[in-house]
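Colleague: As a plain string of letters, each chain reads:
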Amino acid sequence: MAMEEVQVSRQGSLAVLDIRGYVTKTSGVPMKTAFAGLDPAVYRSVLFRFDKETYVNSEGIKTIIDLLLEAGQAGQRVGITGVSDHFEKIFGMVGITKLTRIYKTEEEAVQDLTPEG
Amino acid sequence: MHEQSQAADVAQDRLERQLFHLKTLYDISREMLGETDTGRILKNFLLMTTGNFGTIDGFVLLRESGSGGIGHYSCVGFNEERGRGLETRGESLLAGRVGDAPGDASLITAEGLPASVVCSLSFTVDEDCTGLLGLGSKIVGEPYSDEDNDLLLTLVNNLVITLKNARHAEALRSAYEEVSSLNRAKDKMINHLSHELKTPMAVVQGSLKLLGRHLKGAPGEKWKRIYDRAERNLDRLLEIQDEVDDIVHGEAVGGYHLLRRLLDGCGDELEVLLAEKGTEGAVVEWLRGRIEEVFGSRECEPEEFSLGDAVFSRLQRLAPEFSHRRIDLGTDIDAGPRVFMPREPVEKVLAGLVKNAVENTPDGGRVTVAVQRQGECVRLKVADTGVGILADHRKRIFEGFFPTQETAQYATKVPFDFNAGGKGADLLRMKIFSERYSFDLKMDSSRCILLEDPENACPGDIENCARCQKEEDCFESGGSTFEAVFPVAPAGSPPGK
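Residue numbers (this note's numbering), protein chains in the order written: chain X, 1 to 117; chain S, 118 to 614.
Isolated chain X, as found in the complex (with noise of 0.2 Å):
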């Protein structure tokens, strides 16, 4: 199923985006739309919520990269969690990994991303 739409959610100066669904070129200008509605003064860091159903095509890969370069640069800190088995791997072989950390768990992330946690 193809993402129509990101959910975000706030905690502090976390932002949380859960992305699901079919992570294509396409399905990733929500998470475009959704990431640059992300003052970088107020959200510090920003953390990916996969599940495990969440499938991304090398477009998808594409689109994540880009958006944790930009984090990069306006000085934010991402992190990703819930993403399955095989993605870690592909996250790993794409370099993902170079550009962020992967949590475990969303409160092991959550901990991580906010002063306050």
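Honestly, the hints are just simulated from the structure, not real lab data.
Okay, the calculated bits of chain S under chain X, using three or more residues with CB under 8 Å as the criterion: (1) 137-150; (2) 166-172; (3) 246-260.
In silico negatives: residues of chain X with every beta carbon more than 10 Å from chain S: (4) Q7; (5) S9; (6) Q11; (7) S13; (8) D18; (9) M31; (10) T33; (11) G37; (12) A74; (13) K104; (14) V110.
Quick caveat, the model's predicted, so the values are computed rather than measured.
We put the beta carbon where it would ideally sit given N, CA and C, even for glycine.
Starting from the known structure of chain X, fit chain S onto it as the hints suggest.
Modeller: Same frame as chain X, now just chain S:
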């Protein structure tokens, strides 16, 4: 045990990597299937390829040897200035590669490109188009492996196929646009020519009639033969002009509006002046009708009417025109079914089909006209027991200006004579009417078996056919059936006058 587990993990990782690569290959093939926009193809390809290998920078460009420049360029990760530099350098790198076999893709050492481009690959789309793909270093810092290079070549070969399709589609689109433009120019020219001919021909026709009236009392029959020949050929020209007008959907001729305005403004004065010359009666009305007929527009208003009645009435007016022929005209007309469309094209279709049938049927033959309702359609069928149409000609019969007989065979040019034939514009006109007024036109024909040898010719009279013992022998040997299938008038259509 530990080593086995490690080997299994390595194999598992390798499998997952290959699975991901295969998915990329599948996505590239699927997403590009049917895509004909070269810019979008390159952009999507670059996104997928850079995503697949985990690189930040990449570019792809196409060079057209015809124009000697970069036709398309797409890049990711490079800023504008570096992007422009890549374009220039890429162009000169590709300039030396014209002549490679289409489809060839190979890894190259591309000197002069930015150091961040660590993998370059050139490819040939066709003899006029070459391309260059450049990828930056992987984020993970590993070099491109042999396996990566193999995958890259496969991906690029997919790209080449998609680009070839896109270029063919573009060439087709461009050829279609050119043909359409030429077609419009041709229509305009024919329309113009038809209009230019219309006025002088109307004048010649009027003058000829006047001449005929003056010569009526003159002695001798010599002038009559010359006069008849001139009139016959003028009628033929007028008929062609009329057909062409219908084909190009003729609009009112330039002088039409001026003549109408003059008539509307000075109708009474004209009548008084003509009365002085002894011409009395509804002259102005007659003149108005003639102006409409000769110079008016071909726009027809649709109306609801009985197809059977219209066909019957038109047939009655038509029959005297071929009374000199021994043709058995049969009818099977149901007056019930009604259609909703302009009446004039229907009458022209009927006249054209009957004329075509009579001219292709030898004396002693039979022509049948039928109108029958079938479901939501009304069928107008004109069948003849004539010579039929050659199989090769059947496909082209509605193309226009395609005579089914050799020109030498219709030398008399007298309408409705056997083999009188014509330029074939009448059938094209019917086809155009069928498209303009949304009805179907069908044809079924079998060539007379006795004429299979092109050397044999029909004598034009069954009595003179050496191969027919009786009329039925001719009826069974071949013939044609043309059908015009009209939709039944929808309920509530405006009734005809």
